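Spelled out from the first residue to the last, the chains are:
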Amino acid sequence: MNATTLPTTPLLEVLDLHVEVNGKPILKGVNLTVNAGEVHAIMGPNGSGKSTLSHVVAGKPGYVVTGGSLRYKGQDLLALAPEERARAGIFLAFQYPLEIPGVNNVYLLKAALNARHRHLGLPEVDAFEFLQLVKSKMQRMQMPESFLSRGVNEGFSGGEKKRNEVLQMQVLEPTLALLDETDSGLDIDALKVVSNGVNDLRSPERAIVMVTHYQRLLDYIVPDQVHVLVDGRVLLSGGKELALELEQRGYDWVRAQDAA
Amino acid sequence: MNAAPGITPTAEDGQNALDRAVGGTYRHGFVTDIESDTLPPGLDEDVIRVISRKKDEPQFLLDWRLRAFRHWQTMQEPAWAYVRYPPIDFQSISYYSAPKQNKDGPKSLADVDPKLLETYDKLGIPLHERARLAGVAVDAVFDSVSVATTFKDRLSKAGVIFCPFSEAVKTHPALLEQWLGSVVPHTDNFYAALNSAVFTDGSFVYIPKGVRCPMELSTYFRINAANTGQFERTLIIADEGSHVSYLEGCTAPKRDENQLHAAVVELVALDNAEIKYSTVQNWYPGDENGVGGIYNFVTKRGDCRGHRSKISWTQVETGSAITWKYPSCILTGDDSVGEFYSVAVANHHQQADTGTKMIHVGRNTRSTIVSKGISAGLAQNTYRGLVKILPSAEGARNYTQCDSLLMSPTCGAHTFPYVEVRNPTAIVEHEATTSRIGEDQLFYCLQRGLSQEDAVNMIVNGFCKAVFKELPMEFAVEAQNLLAVSLEGSVG
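So the sequences go chain by chain: P and L.
The numbering of the first sequence is this note's numbering, which starts it at 549 and goes up by one.
The numbering of the second sequence is this note's numbering, which starts it at 67 and goes up by one.
In case anyone wonders, no lab produced these hints; they're calculated from the structure.
No experiment lies behind these values; they were computed from the predicted model shown.
Be aware that a few hints might be false.
[To be verified] Here are a few chain P residues that sit away from chain L, every Cβ distance over 12 Å (derived from the structure):
hint	residue
1	Glu-568
2	Thr-581
3	Glu-586
4	Leu-656
5	Ala-675
6	Leu-681
7	Met-691
8	Phe-695
9	Gly-706
10	Pro-752
11	Arg-754
12	Gln-763
[Stated by the list, open to error] Label pairs and their in silico Cβ distance ranges:
hint	chain 1	residue 1	chain 2	residue 2	range
13	P	Arg-698	L	Val-357	44 to 54 Å
14	P	Arg-698	L	Ala-498	43 to 53 Å
15	P	His-665	L	Ser-158	52 to 62 Å
16	L	Ala-498	P	Leu-696	26 to 36 Å
17	P	Gly-615	L	Pro-153	37 to 47 Å
Where a beta carbon is used, it is the ideal one built from N, C-alpha and C, also for glycine.
Build the full structure now, drawing on both the sequences and the hints.
Encoded structure:
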């Protein structure tokens, strides 16, 4: 065993990140450091760039990085294609999960898990074991058996789609999970189920970054850090109590703090 | 009902990388050696007499050919299809060449273009079939011939007739005289008339009363199938209470020297009979620049002549430079059923104008149309369909679903559904969608770790699922691979 303690490399390091969409600056110098084992919440008013940040980390096309850097385990993330980032353990739970008609849910999930396994040099999953795994996770997410035979998000309600995202996350066990407004459109029961699903994944090797509008999600998934993104910059960071303060004082308070 | 306007996406991000393509595997092109047993180019009554004599045909068939030819001369080439091509000089085509033994073909697989072999590999074509498809001399592919012979024994025990058309002319002339042209008359359309005048071979199938054909009939296994392609004639008769499933074509790209193909397929289903006709067509589509490629002008029609009969067409069309093809059903018998399931792929410069006609004549006749068009590159893909309910068709029903998927900003998808209803009790439904393959859908799959190619294949196969499930199992798997190869590199 090597006893030397190396300085821990952050899981995700966002440095002075500038991003444009169709020539319009959205992120204007974002800084964020996420270490393994941490849960971060990113809050902010509409249009502040919260979703953009999660999209850029996942590598969604259409965003132009005009400055700054993005590192994952010390590696330049911008040099990796979206599928390479996914295989390296980055998972994005979509705000609006896509429907893929005619493609079976389980088929996509298995293809995704196998892609990750190949990347890790593991053998492909055994069909029987895979089904057992999915079924147990489905139970955890309170999803009916009929899900197994349905198309990817095809005809799912908003809540079902969100559960499906978290189910995929549970099966794929990412190292860095990005949740883009996973709580929006959920009733209180569904919110609990989804939150339990996310909390299952909390571990010292893993980090979770949640983008949300609402403090109520943070009652269920308690963050280590809260960041307030306003007009493309992180104006304020703090502990979980910051979210409560925000709820009371609103974003204008943050803007005023920044101006002061 | 009026034709819906075509939808052509505007060029936006020109991201289409048309680098690798299945078209590139056809280096053999169209080499035509003049052999002694080939008639010189040109068409007149003498040519037709020579064809008929060479095939040792009875007088009725010669007379029929001549009537067709005389009628053809009065006809105009159709111009209504949404396809463009230079005028065809019908006098520059040679209308007869004796079946060859592929003497001009490669001597062994080692002489075959490695890219062609690579395509076979991707399609999962068995080794012993590759040689035959690539046109390697026949003795090297003895396997498939012996397989065919075994099949023939089993069929004859069941009383099924399945043979080359030219053989049926000699062995079953009465059946031919009774049924030939009874669904597609020699006057039907320009290409059908031409085919009737000059066809050289094809398939003949007769399923006797009450017989369920013991195996899928496939042209793949028909002996003497070589070089019958250009003007092929197929006639299938399912006698009362019989059942047959027929597979035409093959997923592998085939070496073929004829540019113009004008086939005719006639199906007859008598009382309680059922015919399932599946096609996979993957002829040379031309290169990435639209040079060369087969013109496929086909007339396919089935007559549900008997009560409670059923004819089902399933097609996967990925090849040919130009496709002009409308497999149709005439629902004559009461309670008869017609079905059309189609996947048509057009990439690069391919043009496809394909669809179906469902003609409801009998009472309580039902038809289903499911059409999936996929356009990529610079291709134009048109669905053209007719649902016609005659006054006699009390209680007729049709359901049509017609979906188009666009893979590039430069391709086009067009839908022309015609509906004519002359009986107020009829119920006709039409659903149509056109969608661009979603960048968001793709990103969703990539974000789950799938490769771009796997993601495209998965989305496209999902889109085609309703048709693929109608194909016989092993054909369905081949068809999925075929789609993957045909659309390789078309998004990205």
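Taking the hints in turn, this is what the structure says about them:
1. Glu-568: The assertion about Glu-568(P) holds, with a minimum of 16 Å to chain L.
2. Thr-581: 23 Å, holds
3. Glu-586: Glu-586(P) is indeed farther than 12 Å from all Cβ atoms of chain L, at 22 Å.
4. Leu-656: 7 Å, violated
5. Ala-675: For Ala-675(P), whose nearest Cβ neighbour in chain L is about 17 Å away, the distance exceeds 12 Å, so it holds.
6. Leu-681: 16 Å, holds
7. Met-691: Given a closest Cβ separation of 18 Å, the condition holds.
8. Phe-695: 16 Å, holds
9. Gly-706: 16 Å, holds
10. Pro-752: 24 Å, holds
11. Arg-754: Its Cβ never comes within 12 Å of chain L, the nearest being 17 Å, so this holds.
12. Gln-763: Holds: least Cβ distance 28 Å, greater than 12 Å.
13. Arg-698(P) to Val-357(L): 44 to 54 Å: Between Arg-698(P) and Val-357(L), where Cβ atoms are some 45 Å apart, the hint holds.
14. Arg-698(P) to Ala-498(L): 43 to 53 Å: Given a distance of about 24 Å, which is not inside 43 to 53 Å, the answer is violated.
15. His-665(P) to Ser-158(L): 52 to 62 Å: 58 Å, holds
16. Ala-498(L) to Leu-696(P): 26 to 36 Å: Between Ala-498(L) and Leu-696(P), where Cβ atoms are some 30 Å apart, the hint holds.
17. Gly-615(P) to Pro-153(L): 37 to 47 Å: With a Cβ separation near 59 Å, Gly-615(P) and Pro-153(L) fall outside 37 to 47 Å, so the hint is violated.
Against the hints set out earlier in the document, violations occur for numbers 4, 14 and 17.
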